[in-house]
Amino acid sequence: MTKTVFLGAVAAAAAVLLSTGAQAAEGDTLRAVKQRGELICGVNPGLVGFAAPDANGNWSGFDISLCRAIAAAVVGDANKVRFVPTTGQTRFTALSSGEVDVLTRNSTASFQRDTELALDFPAVNYYDGQGFMVRKDLGVTSAKELDGATICIQTGTTTELNLADWFRANNIAYQPVNIDSNAEGEQQYLAGACDAYTTDASGLAATRAAFADPENHIILPEIISKEPLAPAVRHGDNNWGDIVRQTLFALIAAEEYGVTSANLEELSKSSTNPEVQRLLGATDNLGGMMGLDAEWAKRAIAAGGNYGEVFAATIGEQTPIGLARGLNALWTQGGLMYATPFR
Amino acid sequence: MTHLQPAEHQPFRLSMLIYDRRYRSLTIQTVVFIGVMLFAAWLVNNTIENLARLGKTFSFSFLWARAGYDIPFSLIPYAATDTHMRAAVVGLLNTLLVSFVGCVLATIVGVLAGVLRLSNNWLVSKMMTVYVEIFRNVPLLLWILVILAIFTDVLPAPRDYRGDDAAAQMILFDSVAPTNRYTAIPRLAVEHAPGPVVIAGTPVNGALVAFAVALVAAWLVWKWLRGWARARQNRTGRRPVTWWISVLLFVVPLVALINLFGVHLIPPTLAGFNFTGGVNLDNGFVVLVLALTLYTGAFIAEIVRAGILSVSRGQTEAAFALGLRARPTMGLVILPQALRVIVPPLISQFLNLTKNSSLAIAVGYPDLRATLGGTTLNQTGREMEAMMLMMGIYLVLSLLISAVMNLYNARVRLKER
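Chain order of the listed sequences is F and D.
Take 1 as the starting number for the first sequence in the numbering used here and just add one per residue.
Take 344 as the starting number for the second sequence in the numbering used here and just add one per residue.
Don't take every hint at face value.
What the hints assert, rightly or not - Using C-beta positions, here's what the derived DEER-type ranges look like: (1) F:N171 with D:M731: 32 to 42 Å; (2) F:E116 with D:L436: 23 to 33 Å; (3) D:W562 with F:E116: 48 to 58 Å.
As the list claims (entries may be wrong) - Chain D residues, not near chain F, derived (Cβ > 10 Å throughout): (4) Q353; (5) I371; (6) V452; (7) V454; (8) V533; (9) L558; (10) L675; (11) P687.
None of these hints come from the bench; they were simulated from the model.
For each residue, glycine too, the CB sits at the ideal point set by N, CA and C.
Please model the complete structure; the sequences and the hints are all you need to start from.
Here is the structure:
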């Protein structure tokens with residue numbers, strides 16, 4: 001594990017060394033992806049519901065669906081995708097060195113990542129917050145009762161910093177156990193090597209869903225941070241950032257206007273809503289403004305359905321992960337999901 | 344008959360750089376040197392250009408920014424509000440600690456296993472063979488993970504010690520509690536602590552100074568006593584019995600000081616989630632030391648065995664013929680000669696162990712690689728700077744170990760007079 005991470009970092013450094021230019025100049029990523037005929041997405045190596053391969057090696061999940069939607073919009077086929085699993089430590093290096101085109105890996109958008117790390121987070125696809133999971137028989141009902149507890153934490157994440165801040169602000173002590181991946185954290189937590197496991201609340205729910213006895217573990221009510229999870233692209237190639245943002249907006253707008261994977265074909269012919277007509281390419285050529293064709297959004301929606309359909313199929317209340325829409329409901333239903341107008 | 348023109352009479356021509364053997368090697372060396380330098384310059388320049396294109400600058404100023412993360416195991420005071428620099432120092436000290444303890448233990452294990460492998464006892468020598476072959480031939484990372492798995496899955500969790508009908512019992516008179524997070528051991532406490540003594544401007548624990556002074560004084564007296572006994576033996580042919588004086592020399596002042604200061608042990612007690620009061624020896628540290636020791640010990644055992652075997656059998660026979668017994672033969676004849684062969688490869692093993700300690704992150708032990716090369720690198724996004732800094736530190740560390748061991752090697756080397 002360690003070695004892989006280390007070698008990965010060295011390899012990434014070498015890649016920075018050896019790649020002569022073409023990093024993030026305007027329009028380069030789109031041209032490279034079209035030429036390759038394949039989109040390369042950096043994804044979580046295994047977080048059920050968000051990104052996980054099944055027994056046959058087919059990836060599925062919330063982040064995977066966004067990646068496939070982008071591929072459908074750009075390359076024209078939702079299956080022309082290659083997934084590169086990245087750990088919390090290697091993900092941004094993989095992106096900035098050009099190893100992946102876009103990072104759809106439940107990554108928190110933050111000031112330092114936006115500026116100093118030279119990344120762009122085009123739009124948030126999941127509003128999350130950091131929580132704690134403990135065993136039920138521990139008798140803990142609030143994170144403030146965790147004084148002196150041992151807590152498993154993934155290194156290289158924003159949660160690591162939130163944890164230190166929150167415990168100091170509340171003047172309680174804790175003992176961190178640094179782990180490298182969600183799988184390792186799961187193992188350490190189940191073995192009792194830590195009292196609590198902390199990461200984004202969605203990640204906790206997804207991790208718990210994979211347990212043999214999910215009913216014996218609870219997620220504490222405290223949410224100690226804002227974790228806006230967003231796809232990430234490199235600074236500099238604004239057109240590529242636009243494509244990622246507008247693809248996500250297309251999925252959100254589709255839900256808002258009632259466009260689903262089922263009625264997509266029908267609506268693209270018969271819809272009288274001018275916004276839907278523009279979105280699906282029946283009138284105007286919005287795709288052309290960013291180097292794509294008119295039906296880019298139609299293909300993106302066809303790939304896995306609109307935002308609501310993707311949510312319901314991967315992490316929604318009907319799935320083992322069972323997350324409610326909450327903040328991630330449409331703005332019309334009291335949530336934060338809001339797409340800018342398609343015109 | 345060909346007549347060779349003396350070379351110095353020929354005027355220098357440019358073609359001689361290639362066709363004249365005297366100049367050719369110089370030419371090749373110059374060309375290769377220039378090539379290597381150009382390649383290096385191209386690499387550096389390309390790096391700078393590409394970093395600039397990525398919008399990244401090359402700067403070490405991040406070291407003075409607030410680190411913001413906690414480190415579970417630290418030899419010096421550290422809090423999340425300290426700088427990345429201090430976090431790196433914490434990591435470096437942890438690396439040094441694990442390397443030092445590992446080197447000492449690996450040497451002990453290695454020498455023992457190496458000597459025992461040559462034992463005439465069939466069972467002992469075969470057992471050592473099995474140990475050496477198993478540990479030498481499986482990757483270190485696997486050993487670390489296996490030992491960690493044993494520690495986390497087999498040992499009880501701290502809460503298993505709770506209650507009257509606890510699932511686990513503390514061992515050694517209720518003083519030590521092995522858990523799957525750490526081993527809780529008693530802590531030394533001083534009741535009537537003398538005030539701190541100021542040495543060179545820094546306050547040092549007074550009790551510690553008192554113990555150190557007592558030990559050094561006892562050692563000096565003991566040395567004098569030994570000299571006196573030897574002189575007496577040389578003069579009279581009889582060695583006076585001094586062992587009980589030696590024992591008293593060390594025991595009496597220690598017992599006196601312990602009573603004077605009221606030194607006692609505080610056993611760990613379970614409070615809340617974890618044991619408190621005692622010292623919690625982190626499992627990451629224990630597992631790492633154990634794995635490094637056993638792994639490197641296997642290599643050292645082979646080096647020791649080779650060293651001993653390199654001393655010819657005739658040396659032993661000659662020593663026996665002179666009437667030396669087995670132990671003096673080993674100590675005075677065989678080992679001094681074997682060390683010449685043992686020490687140089689031993690240096691490599693120490694270097695290996697130090698560098699292998701960077702696998703610490705597999706067990707969550709915060710060494711240099713985990714702080715500077717792990718969390719700091721990730722949180723600041725300064726891969727290039729952190730990697731270069733880390734490479735520099737490991738390089739200096741290895742060179743220092745080499746230098747010290749080479750000094751030792753010079754001392755044990757065969758003195759040719």
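Hint check:
1. Evaluation of the 32 to 42 Å hint for N171 of chain F and M731 of chain D yields a pass: the beta carbon distance comes to about 38 Å.
2. At roughly 28 Å, the beta carbons of E116 of chain F and L436 of chain D sit within the given window of 23 to 33 Å.
3. For the pair W562 of chain D and E116 of chain F, the supplied restraint of 48 to 58 Å holds, since their beta-carbon distance comes to about 56 Å.
4. At roughly 47 Å from the closest C-beta of chain F, the C-beta of Q353 of chain D stays outside 10 Å, upholding its exclusion from the interface.
5. Distance to chain F confirms I371 of chain D as a non-interface residue, since its nearest Cβ pair spans about 27 Å, more than 10 Å.
6. Every CB of chain F lies more than 10 Å from the CB of V452 of chain D, the least distance being 24 Å, so the non-interface label holds.
7. For V454 of chain D, the shortest C-beta to C-beta distance to chain F comes to about 30 Å, beyond the 10 Å cut-off, and the non-interface label holds.
8. Taking the minimum C-beta to C-beta distance to chain F, about 24 Å, the non-interface status of V533 of chain D holds against the 10 Å cut.
9. No Cβ of chain F approaches the Cβ of L558 of chain D within 10 Å, the least distance being about 34 Å, so the stated non-interface status holds.
10. Against chain F, the non-interface label of L675 of chain D holds: every CB pair exceeds 10 Å, the least being about 45 Å.
11. For P687 of chain D, the condition that its CB be more than 10 Å from all CB atoms of chain F holds, with the nearest at approximately 28 Å.
Hint violations for this structure: none, all hints satisfied.
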